[in-house]
Amino acid sequence: MSADSPASVHGAEQAPYRPVFVGEAKARLQKLFEQYPTKQGCLLPALWMVQEARGWIPEEGIAEVAEQLGLTPAYVKGVVTFYTMYHTHPVGRHFIQVCTTSPCNICGAEEVVKALLAATGCGELGATSPDGRFTVIETECLGACGFPTPVLIDNDFVESITPERVSGLLQGYK
Amino acid sequence: MGYPFPSHAKETVLLSRYFGDAAARTYDGWVKRGGYEGLKKALGMTREAVIEEVKNSGLRGRGGAGFPTGLKWTFMPKSVGPGRAHYLVCNADESEPGTFKDREIMRWTPHGLIEGCAIAAYAIGAERIYIYIRGEFTEPWAIMARAVAEAVEAGALGRSVFGSGNRIEVVLHRGAGAYICGEETAMMNSIEGKRGNPRIKPPFPAQSGVFGMPTTVNNVETLAAVPSIMMRGAAWYKALCLSSPKSTGTKLWSVCGHVQRPGNYEVTMGTPMKDLIFEMAGGMRPGRKLKAVIPGGSSVPIMTAEEIEDCPLDYEGIAAKGSMLGSGGMIVMDDSTDLVYQIMRLARFYAHESCAQCTQCREGTAWTTRILERILAGQGRPEDLDLLLDLADNMTGKTICVLSDSCAAPVVSGIKKFPEEFEAYVRQRRRAASSGSAPALAARS
Chain B
1 MSADSPASVH GAEQAPYRPV FVGEAKARLQ KLFEQYPTKQ GCLLPALWMV
51 QEARGWIPEE GIAEVAEQLG LTPAYVKGVV TFYTMYHTHP VGRHFIQVCT
101 TSPCNICGAE EVVKALLAAT GCGELGATSP DGRFTVIETE CLGACGFPTP
151 VLIDNDFVES ITPERVSGLL QGYK
Chain C
1 MGYPFPSHAK ETVLLSRYFG DAAARTYDGW VKRGGYEGLK KALGMTREAV
51 IEEVKNSGLR GRGGAGFPTG LKWTFMPKSV GPGRAHYLVC NADESEPGTF
101 KDREIMRWTP HGLIEGCAIA AYAIGAERIY IYIRGEFTEP WAIMARAVAE
151 AVEAGALGRS VFGSGNRIEV VLHRGAGAYI CGEETAMMNS IEGKRGNPRI
201 KPPFPAQSGV FGMPTTVNNV ETLAAVPSIM MRGAAWYKAL CLSSPKSTGT
251 KLWSVCGHVQ RPGNYEVTMG TPMKDLIFEM AGGMRPGRKL KAVIPGGSSV
301 PIMTAEEIED CPLDYEGIAA KGSMLGSGGM IVMDDSTDLV YQIMRLARFY
351 AHESCAQCTQ CREGTAWTTR ILERILAGQG RPEDLDLLLD LADNMTGKTI
401 CVLSDSCAAP VVSGIKKFPE EFEAYVRQRR RAASSGSAPA LAARS
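So the sequence lines, in the order shown, correspond to chains B and C.
Numbering-wise, the first sequence is residues 1 to 174 according to the numbering used here.
Numbering-wise, the second sequence is residues 1 to 445 according to the numbering used here.
No wet-lab data here; the hints were simulated from the structure.
Glycine included, each C-beta is placed from N, C-alpha and C at the ideal position.
Misleading hints may appear alongside valid ones.
Unchecked claim - Every beta carbon over 10 Å from chain B, so not counted as near; a handful from chain C, in silico:
hint	residue
1	4
2	79
3	134
4	164
5	257
6	346
Stated by the list, open to error - Simulated pairs of lysine-lysine, DSS-like, Cα-Cα distance not exceeding 30 Å:
hint	chain 1	residue 1	chain 2	residue 2
7	B	39	C	78
8	B	39	C	201
9	B	26	C	289
10	C	194	B	114
11	C	321	B	77
12	B	77	C	78
13	C	246	C	321
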């Protein structure tokens, strides 16, 4: 994962696909090859690179990764669909994950979800707001159970969110 | 310390001493606090002596299984053959509901973890360490990446660690949202660029692990405890014990749920559970009574308020009460909790996270969830509770990994220990639950 924030590409499915693994990104991938004894070992990091650059992992991204690592697109797709953090369709410019597993659930996480769905205009889980700004999903345990409710917005991990804190939280994300 | 709260007098702070101290995050800051001395000392010993020291300390795996760490290291082949690289994998995929200790170790004392990893790698003859960090842990990732770069710069990692001639490298590997990858063989598949399906054992990781090579997988907290064992010795660590001699050292307890001061508390093995919940974590909110505790992460059986009365916090003490120490993720629930709803949420968690390889798990976790959902909707059938128990029996001990068993544990213990709550739903005495914060139940004796 690089320090760059995930690119905002809502609606990118209409634009022609631009390959990710050129120039500096290609060099980064070459460097990754040194960290694993097989090229396939670089599959998860390579998929992260595509998602960071394009906001999600389109079919062309799968094909590109497959070619770089000497795998078949079908194999890569099988891996992409196993892991819930890889997006197989475009999402809002800011992707919001809210923990609703038991420890947070008993501390009111479902109220935080309701407040987020209302404040973002997403309306329902998994949907993108009409302005393309947000997508909200429930996620299983974020590993910060002592700070209910943790919310992950893009790469920003925020603790102790209550329904009251929701509108303030969203202000920094345009 | 009970981060984010100040240390409590009953804590023994070893791993958590520098939680909240940002200066301890840097290489120089860590060295000033005595860091990397344990690694230097280990490098001056033979590999066998390092393993022997850890073995004698009594340190056991803190990720859930509680397997003796030193003994695990002895399973690795003695010598590194040509083309047979050894690997250490550090399990930082912390995703067991209720557990949030490894996150704090990585956030505050990244060099402590790197030092522990390097000592373990030296002991098992590994030149490369993969630290598998769950994808959601963006902040720990950034802190660990910085710390690894600093350690390389300072010669604590690299081609010749502190000039000893031993090559030890760290590669951070980012997960992508899959609870099952916390299972060691699924984790190895994930590092290899595969779906995170657990593997059948044997072969065990020490024979054929990541990339088919001898591998040891240890949890973050386990490895973070190793430097001080090197520095202060096995006897000192072993003496940190208040009850069972088979449980030594300190344990970080992630206390969450309905307590007044949720946080990570570090105590000597054998400390009373009651002290942790009622003194350190501040007990229940005013006017509330304790109903149930899941002591070791969501995969272990639920305990009743009566059962925690005289339960020591160690592997044997909790096992004697029919539960497990697990990962030390303690979920505390007061009398406002709708247990049937929360058990359904846990079942749904396991159904969501099942890798779907084994029929018992793929079908069982989903079926369990559906039955619980219909019970909650007021459509429970009289035979449903027996069906859930029968299903749980078919989900226990019959699959490649223990995810399916983990789904069964809260269901079985919930039905056995709180039957009235389930029966009340089945008899439709209570209105269908619409949320986890359902109206408080009448206090139970």
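Each hint tested on the structure:
no., hint, in the structure
1, 4, "violated (8 Å)"
2, 79, "holds (19 Å)"
3, 134, "violated (7 Å)"
4, 164, "holds (22 Å)"
5, 257, "violated (5 Å)"
6, 346, "violated (6 Å)"
7, B:39 x C:78, "holds (28 Å)"
8, B:39 x C:201, "holds (25 Å)"
9, B:26 x C:289, "violated (59 Å)"
10, C:194 x B:114, "violated (36 Å)"
11, C:321 x B:77, "violated (45 Å)"
12, B:77 x C:78, "violated (40 Å)"
13, C:246 x C:321, "holds (16 Å)"
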